[in-house]
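*Asks:* Residues per chain are reported as follows:
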Amino acid sequence: MNKSIPKRPFMKEWHVTGFTVFLLLFIAVVLSAQATQVGQDFSMEQFADLWIKMANPDWSYLPRVLTPLAQTVQMAIVGTLIGGIAAIPFAFLAASNIVRNAFVRGIIRFVMNLIRSIPQMLLAALFVAVVGIGTLSGVLALAVFSFGMMFKLLYEAIETVDQGPIEAMRAAGGKRSQVIVFAVIPQVLNQYLSFFLYTLEINVRASAVLGYLGAGGIGLYLNTTLDTFRYDQTSVVILAILVVIVLVDALSNKLREALS
Amino acid sequence: MMVQKRSLSSRLKPYAAGVIALIIVIWAFSGIEFKGMKDSAGQILGAIFAGLFNPDWSYVYSGHGEDLISALFETLAIAFLGTIISSFIAVPFAFWAAKTSKKFSVRSTTGKFLLTLIRVFPELVLAIMFIKAVGPGAFAGVLAMGVHSIGMMGKLFSEAIENIDRGPEEAIISAGGNRLDALSWATLPAVLPEFINFTLYRFEIAVRSASILGIVGAGGVGAPLIFALSNRSWSRVGIILIGIILMVTVIDWLSGAIRKHLLK
Numbered sequence: 001m002n003k004s005i006p007k008r009p010f011m012k013e014w015h016v017t018g019f020t021v022f023l024l025l026f027i028a029v030v031l032s033a034q035a036t037q038v039g040q041d042f043s044m045e046q047f048a049d050l051w052i053k054m055a056n057p058d059w060s061y062l063p064r065v066l067t068p069l070a071q072t073v074q075m076a077i078v079g080t081l082i083g084g085i086a087a088i089p090f091a092f093l094a095a096s097n098i099v100r101n102a103f104v105r106g107i108i109r110f111v112m113n114l115i116r117s118i119p120q121m122l123l124a125a126l127f128v129a130v131v132g133i134g135t136l137s138g139v140l141a142l143a144v145f146s147f148g149m150m151f152k153l154l155y156e157a158i159e160t161v162d163q164g165p166i167e168a169m170r171a172a173g174g175k176r177s178q179v180i181v182f183a184v185i186p187q188v189l190n191q192y193l194s195f196f197l198y199t200l201e202i203n204v205r206a207s208a209v210l211g212y213l214g215a216g217g218i219g220l221y222l223n224t225t226l227d228t229f230r231y232d233q234t235s236v237v238i239l240a241i242l243v244v245i246v247l248v249d250a251l252s253n254k255l256r257e258a259l260s
Numbered sequence: 001m002m003v004q005k006r007s008l009s010s011r012l013k014p015y016a017a018g019v020i021a022l023i024i025v026i027w028a029f030s031g032i033e034f035k036g037m038k039d040s041a042g043q044i045l046g047a048i049f050a051g052l053f054n055p056d057w058s059y060v061y062s063g064h065g066e067d068l069i070s071a072l073f074e075t076l077a078i079a080f081l082g083t084i085i086s087s088f089i090a091v092p093f094a095f096w097a098a099k100t101s102k103k104f105s106v107r108s109t110t111g112k113f114l115l116t117l118i119r120v121f122p123e124l125v126l127a128i129m130f131i132k133a134v135g136p137g138a139f140a141g142v143l144a145m146g147v148h149s150i151g152m153m154g155k156l157f158s159e160a161i162e163n164i165d166r167g168p169e170e171a172i173i174s175a176g177g178n179r180l181d182a183l184s185w186a187t188l189p190a191v192l193p194e195f196i197n198f199t200l201y202r203f204e205i206a207v208r209s210a211s212i213l214g215i216v217g218a219g220g221v222g223a224p225l226i227f228a229l230s231n232r233s234w235s236r237v238g239i240i241l242i243g244i245i246l247m248v249t250v251i252d253w254l255s256g257a258i259r260k261h262l263l264k
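Keeping their order, the protein sequence lines are chains A and B.
Going left to right, the first sequence walks through residues 1 to 260 as this note's numbering numbers them.
Going left to right, the second sequence walks through residues 1 to 264 as this note's numbering numbers them.
Pulled out of the complex, with its shape left as it was, chain A reads as follows (with noise of 0.2 Å):
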C-alpha cells in the first residue's frame, strides 16, 4: 500500500487564490491611500478642542431646536407614507406571480434600481435645486428614496407569498384584482407595515442630516452651529438628534416584533 498522503494540487499546496486576493487587496489599499492623501498631519489640539467644546452643551439651545426637530419627524413620516404608498402598484406590476409578462416586470425592476442606485442626500441636493430650500424639498428626497426601498422590499414579500391561495382564486375563475384582494394583501400586509417601519428608521436618520443641504428639519441647526463655531450648540443638538432616532429605532421594534 501506498503510505505517502495524496499530494495536493499546485494550487491548493502554494494557497494561490489567497494569496493573490491578498495581494490584490494590498495593491488597492495603497491604491487607495495615495488618492486620499492618507498620513495628512492629524491635528490633535484642533479635534480636542472640538471634542472638549461639545463636552460642555449649551442647554439653553435646547428649546430652539424643538420644533426643527418635530419638523424633521414630520418629514421622515410623511416621506415614508408618499413613497410606501406609490410604490404599492409598481410592486404588483414586478412580482412575477402577479404579471406574466417578462418584459414588463424587466422595465420596471430596471427602472426602480436606477432610483434605487441614487444616495438620499444627492437627492436631497437636487430637490432642493428644483423646488427651493424648505421642508417640501426633504419629503420629496425621503419619497422617492422610500418609494424605491419599499418596491424592492414589497414586491420580493410578493414574490415569496405561498402560492395556494392564489391557486385556489384563479382555479375558482376570480380576476387578477380578485387574487390581488383576497389572496395576496392578506398574506403582505404585516410585513408590509413592518417594512414601512423599518424604512421609517431609515428616513428619520436621513431626515436628521438633509437640513445640512436646505431641505428643512434640524440638520440646519447643524450646519449654522457648525458654521459659527459654537460646538457647545453643535453638541445639543446631535444629542436631541439621538435622542429622538433611539426612541423611534425602540418604539418601531417594539411595533414590528408585534407584527411579526
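These are calculated hints, taken from the structure and not from any lab test.
You may find that some hints are simply not true.
Claimed, not checked - Heads up, simulated DSSO-like pairs for lysine-lysine below, C-alpha to C-alpha not over 27 Å straight-line:
1) Lys152(A) / Lys260(B)
2) Lys264(B) / Lys152(A)
3) Lys254(A) / Lys132(B)
4) Lys103(B) / Lys7(A)
5) Lys264(B) / Lys254(A)
6) Lys102(B) / Lys112(B)
7) Lys99(B) / Lys112(B)
8) Lys103(B) / Lys12(A)
9) Lys254(A) / Lys13(B)
10) Lys254(A) / Lys152(A)
11) Lys112(B) / Lys254(A)
12) Lys175(A) / Lys152(A)
13) Lys53(A) / Lys132(B)
14) Lys260(B) / Lys254(A)
15) Lys112(B) / Lys12(A)
Claimed, not checked - Among the chain B residues that face chain A by a calculated CB cut under 8 Å, a handful are:
16) Gly31
17) Glu33
18) Ala133
19) Leu188
20) Phe195
21) Ser211
Ideal Cβ placement from N, Cα and C applies to all residues, glycine included.
We have chain A already, so just place chain B on it with the hints.
*Replies:* Just chain B, lined up with the frame of chain A:
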C-alpha cells in the same frame, strides 16, 4: 353552536391603532409647507433631465485630475479604505457586544450601547469634525467612514458571533485547549465568511455615502456635483449623476456576485 365572542377591547384594538396612526399622520402633514415651491421648479426639472440626456462628455476624462474619473476613483478609495479600516476595528467591538449567554451581561449590554451610539452618530457630522483636525479633503472622509462603519459592522459581526454553533469551541476547551486556541481554531473560522459577507455589504453602502461626503468638503464626487448644481451647469450635473449611478450599480453587482460565491 355559539361562536365565542371576542372581548370588546380586543375588537376595538385595530380601530384604536388606526385612529392613533391617523392622528400621527395628520400631525406629520401639519409640519410640512406644501406651498413655497419655486415658480421655476418645472423648468429646472426639465433642465436636469435635458442635462441627463445631453451630458457633458468632456468632463469624463481631461487628463489632469480634475475630471469625473478621478473624482469617482477618489470616492471608491474613500469607501474602500474606510470599510477596510473599520472591518478590523469592528472585530474586537463585536466580541465585546456579542451576547453569548442567556443571562444579563454587563459586557454585552455596554458593547451594544456603544455600537448603537456610533451607528446613529451622523456620518456627515463626523466628517466635519475630522475636517477640523486634518483639513478638507479625502483623508477626513476616510476617517469619518472608518469610524462610522464600526457601528453597523460591529452590530452585524456580533450577531454573527451569537449565531454560530458553539460545539467546536467547547470541544477544543474540553480537549485541553485554552481560550485562544478556541478562538483561532473554532470561532474565527466559523464567523470569517459572515464577516467578509457583511464587509462587502457595508462596502456597497459606503460607496453611496462616500459620494455625498463631498458636500461638506470631505472628498469624493459630491463636491463637483454641488458646484455644478449651484452653477446651474445641468449637463455637468447630468454626467456626474450618470457616473454615480453607474458606479453604484457596478459595485452592487460585483459585490453581490462575490457574496453569492462566498456563501455557497
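*Asks:* State the violated hints by number, sorted upward, taking the hints as numbered earlier in the document.
*Replies:* 3, 4, 5, 8, 14, 15, 19, 20
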